[in-house]
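Q: Single-letter residue listing:
Protein chains: 2
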Amino acid sequence: MSLQNTRILFVKRPSGLFDPNETFKIVKEPVPSQNDLSNGQILVKNYYLSLDPAMRGIMNDVRSYTPPLAINELMRGNTVGEVVISKNSKFKVGDKVEGLLGWQKYAVSDGKDVAKIVPPPKASLRDYLGLFGITGLTAYFGLLDGKVKVGETVVVSGAAGATGSVTGQIAKLKGARVIGIAGTPEKCAWLVNELGFDVALNYRDPDFSKQLTKATPNYIDVYFDNVGGDILNLCLKRLAKYARIVLCGAISQYNEKLQKGPSNYVALIAQSGRMEGFIVYNYKDRFQEAISDLSKWLQQGKLKRRDYVVEGLENAPQALLRLFKGENTGKMLIKIADEDENVKSKL
Amino acid sequence: MSLQNTRILFVKRPSGLFDPNETFKIVKEPVPSQNDLSNGQILVKNYYLSLDPAMRGIMNDVRSYTPPLAINELMRGNTVGEVVISKNSKFKVGDKVEGLLGWQKYAVSDGKDVAKIVPPPKASLRDYLGLFGITGLTAYFGLLDGKVKVGETVVVSGAAGATGSVTGQIAKLKGARVIGIAGTPEKCAWLVNELGFDVALNYRDPDFSKQLTKATPNYIDVYFDNVGGDILNLCLKRLAKYARIVLCGAISQYNEKLQKGPSNYVALIAQSGRMEGFIVYNYKDRFQEAISDLSKWLQQGKLKRRDYVVEGLENAPQALLRLFKGENTGKMLIKIADEDENVKSKL
Numbered sequence: 001m002s003l004q005n006t007r008i009l010f011v012k013r014p015s016g017l018f019d020p021n022e023t024f025k026i027v028k029e030p031v032p033s034q035n036d037l038s039n040g041q042i043l044v045k046n047y048y049l050s051l052d053p054a055m056r057g058i059m060n061d062v063r064s065y066t067p068p069l070a071i072n073e074l075m076r077g078n079t080v081g082e083v084v085i086s087k088n089s090k091f092k093v094g095d096k097v098e099g100l101l102g103w104q105k106y107a108v109s110d111g112k113d114v115a116k117i118v119p120p121p122k123a124s125l126r127d128y129l130g131l132f133g134i135t136g137l138t139a140y141f142g143l144l145d146g147k148v149k150v151g152e153t154v155v156v157s158g159a160a161g162a163t164g165s166v167t168g169q170i171a172k173l174k175g176a177r178v179i180g181i182a183g184t185p186e187k188c189a190w191l192v193n194e195l196g197f198d199v200a201l202n203y204r205d206p207d208f209s210k211q212l213t214k215a216t217p218n219y220i221d222v223y224f225d226n227v228g229g230d231i232l233n234l235c236l237k238r239l240a241k242y243a244r245i246v247l248c249g250a251i252s253q254y255n256e257k258l259q260k261g262p263s264n265y266v267a268l269i270a271q272s273g274r275m276e277g278f279i280v281y282n283y284k285d286r287f288q289e290a291i292s293d294l295s296k297w298l299q300q301g302k303l304k305r306r307d308y309v310v311e312g313l314e315n316a317p318q319a320l321l322r323l324f325k326g327e328n329t330g331k332m333l334i335k336i337a338d339e340d341e342n343v344k345s346k347l
Numbered sequence: 001m002s003l004q005n006t007r008i009l010f011v012k013r014p015s016g017l018f019d020p021n022e023t024f025k026i027v028k029e030p031v032p033s034q035n036d037l038s039n040g041q042i043l044v045k046n047y048y049l050s051l052d053p054a055m056r057g058i059m060n061d062v063r064s065y066t067p068p069l070a071i072n073e074l075m076r077g078n079t080v081g082e083v084v085i086s087k088n089s090k091f092k093v094g095d096k097v098e099g100l101l102g103w104q105k106y107a108v109s110d111g112k113d114v115a116k117i118v119p120p121p122k123a124s125l126r127d128y129l130g131l132f133g134i135t136g137l138t139a140y141f142g143l144l145d146g147k148v149k150v151g152e153t154v155v156v157s158g159a160a161g162a163t164g165s166v167t168g169q170i171a172k173l174k175g176a177r178v179i180g181i182a183g184t185p186e187k188c189a190w191l192v193n194e195l196g197f198d199v200a201l202n203y204r205d206p207d208f209s210k211q212l213t214k215a216t217p218n219y220i221d222v223y224f225d226n227v228g229g230d231i232l233n234l235c236l237k238r239l240a241k242y243a244r245i246v247l248c249g250a251i252s253q254y255n256e257k258l259q260k261g262p263s264n265y266v267a268l269i270a271q272s273g274r275m276e277g278f279i280v281y282n283y284k285d286r287f288q289e290a291i292s293d294l295s296k297w298l299q300q301g302k303l304k305r306r307d308y309v310v311e312g313l314e315n316a317p318q319a320l321l322r323l324f325k326g327e328n329t330g331k332m333l334i335k336i337a338d339e340d341e342n343v344k345s346k347l
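Those protein sequences? They're chains A and B, same order as listed. With full-length UniProt numbering as the guide, the letters of the first sequence map in order to residues 1 to 347. With full-length UniProt numbering as the guide, the letters of the second sequence map in order to residues 1 to 347.
Rather than coming from a laboratory, the hints here were simulated on the basis of the structure. Please read these numbers as outputs of a predicted model, since none were measured by experiment. It cannot be assumed that every hint is accurate.
Same chains, same names: a pair is fine if it fits in one copy or spans any two.
List time: in silico SDA-like cross-link candidates among lysine to any residue, alpha-carbon distance up to 20 Å [to be verified]:
#1 Lys87 - Gln34
#2 Lys25 - Arg204
#3 Lys296 - Pro121
#4 Lys284 - Pro67
#5 Lys122 - Gly326
#6 Lys260 - Asn233
#7 Lys296 - Asn72
#8 Lys147 - Ser272
#9 Lys87 - Asn35
#10 Lys147 - Tyr242
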């Protein structure tokens, strides 16, 4: 009896809020064997899958930095795993790897866009989906783009998420005064007490707008926006001269049929401000430099991160919906299989 | 009998579309005489007043790059005129000057923020309100900010206005393909036939959106926005990778009680685009350099401009409203007095 693979396909393009049951289809098929692989290919057993807000974006049939998902395409996603069969001289069985291997337990790859990873001290495989992955690198390069200077005021929305929590900490390392915006008192407490943010505000508080004004007496020099919508609009009203808005995401808008534009954008003229879209892939040739810095800060205890792990690949569709509801603190991951399993004996 | 001065005061802060009769009050008072002036002061007879969209912005009591108008304040505006009395050693009677001297026939000034002007060949005094004034300098530096490269596609809205018409011509001089957006067939014809724009589109055409798509097969590298609103939103959908939006104005929104935000702003993320507010005063120390270039291009016949002159200071309130209706082609000016009048004999 052959080992079963689980793969999750994107089967229906949603409009507005996606329905996990309609959007995805879980299929079972045999895991490819040694004989099924061509020369140059590897078989990877995935341990963790990253869930990201951008996964909603690729469901739409619009022009973007990456092509939209095709119907019946394997759902895209970054994973970490281990090579269990190799017909590629660059990889050997047992190598730990990271790559865009999709929502599946086992993945066949030609080895391109798959990177071997060796976690440094205090780090784990799954950090390559979080701190050293797209979300951590986004925080690193996005903040660089924001050109934060010592003493400036930085506001981060989605601050308790994977990117926001790292962004705020790096801004502190750069000498800024950092205000985080999150959606629960627990998240706010984590930001201030554990991560060292100067202030954390709960946008669900009725007087949030007043709190934001009070927390930014010198206005906002850098606003790192993960959420869009009303929070972006409020922050626009508080811009300092020459303020920079790093547009990283707009999680509040991705599932809206009618997206909201920031009516206060004219403040960009009044304050000679800049609002700039940010895609981490533009910095691909500098990822190693960033990982080296992030790794150093992690070892020095200057950077903390938290994972929010959901067990079981089958639960990924529902978990993705929970990501948009803001249930996670830190990086949301799907645990597909135990790392310590002796994978070789199973094949 | 003393000579009468006419001054127009800002007397009521409007909400939404301003009413010229309610917003302003015309007052008559004696022109200050030699004895009324203190040491260091000059008296200027104004010939032309510049009308600018930004005049609506300063009516609002909001934080901006310049303080809002106070109630009963002389309405602000740039003028060109001639010194008729001088108690300031830097100015002599007969000097032609430009400055923020307000909506009045005669202005007393301490000489600060007033510049002596000597029009180069082919230029006139009133070019210091248009081509060499705030609107021309805005085109020059705004386009610089947009970092236009040879062969790129530049779209300019409000293209038949004072700033837009100069912007498009400079973009052509920089080797770009230039598409102008204006509001009448006559304006569009002027842009293409007289000013050398590659394409001009009338945003009032029912299929304007389709025309814009057709006119931008390689998408938009630089969008110079003078209007905001729906046109900004449409252009966001056509951004090329690394596109730059120079936010210069939002004339379509200034008189709206509820301003519209550009719901397609998320395209800035998808295309790593930048939207940056632009204030010409940030470049004050480089104005001379710009005027020298603009003057050279004018003399070489590479730059054309048109003035839309309304006679009589008393008509300025109504004319300002017409500016927002888009009645002007080129620079809107109020003619306050004839230049060739022998002013000295009158005092």
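Q: Does the structure break any of the earlier hints, and which numbers would those be?
A: As far as the earlier hints go, 2, 5, 7 are violated by this structure, in ascending order.
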